[in-house]
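Kindly produce the complete structure, drawing on both the sequences and the hints.
My numbering applies: residue 1 is where the sequence shown begins, and numbers increase by one.
Please note: incorrect hints may appear among the correct ones.
Stated by the list, open to error - Listed below are the simulated DSS-like cross-link pairs for lysine-lysine, each with C-alpha atoms no more than 30 Å apart in a straight line: (1) Lys74 to Lys112; (2) Lys112 to Lys161; (3) Lys74 to Lys161; (4) Lys74 to Lys106.
Everything labelled a hint here was simulated from the structure, so no lab data went into it.
Here the structure is a predicted model, which means the values were calculated and not measured.
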Amino acid sequence: MRIAPSILSADFANLEAELRSISGSDLIHVDVMDNHFVPNLTIGVPVVARLQEVTTVPLDVHLMIDNPERWAGKYAETGASSVTFHLEAASDPNEAISQIRSSGAKVGIAIKPGTAFDNVAHLLEHADMLLVMTVEPGFGGQGLIESVIPKISEARDFMQKNGLEVSVQVDGGVGLSNIANLARAGADTFVAGSAVFSEENRNERITALRLLAESI
1 MRIAPSILSA DFANLEAELR SISGSDLIHV DVMDNHFVPN LTIGVPVVAR
51 LQEVTTVPLD VHLMIDNPER WAGKYAETGA SSVTFHLEAA SDPNEAISQI
101 RSSGAKVGIA IKPGTAFDNV AHLLEHADML LVMTVEPGFG GQGLIESVIP
151 KISEARDFMQ KNGLEVSVQV DGGVGLSNIA NLARAGADTF VAGSAVFSEE
201 NRNERITALR LLAESI
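Next up, the structure:
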């Protein structure tokens, strides 16, 4: 069970200090938004490259951008542990997968709440992680969409039946009250933004979340 705090909820003027405050995390989730695929704008390749230089925790880069085939390899080249692109944004998902893999990062594929699991199932033999969005991508602080939970179970069942060692990540509205249910449904990697960064002791909250996920 891995906890990946999202720096979307961090203080962007003090990112190095914010990264130190979550040193106990398993991954650091970095949301890249282009104000086209989603109605928000965050950071780009130079900032991700710099983040890589100031933390030893693996970076989990989540591309919420159009044409991920063009950019995915560049983010992987920063040294990121994993790069995830959205199925809905890719005109050629296999090219995005190839770009990430050839640049040395693990491959993640994300689907929005309204996207059926069947749309992505055929690609998962080429991926390391499936990200099931539990809110509409774009902004932090949203409440988890409960109707998405069966999709998590569908994904986990598919991995087991097909012998795939593919992580199932959830992102959106994850907190103390629901992380155990999400783990029970089949998730093993949990993105948490405000649930972590709202706390004075972030590492303590990360540990609490992990223990709840492992308690199932």
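Hint check:
1. Lys74 to Lys112: Holds, because 23 Å separates the two Cα atoms, which is no more than 30 Å.
2. Lys112 to Lys161: holds (23 Å)
3. Lys74 to Lys161: violated (34 Å)
4. Lys74 to Lys106: holds (13 Å)
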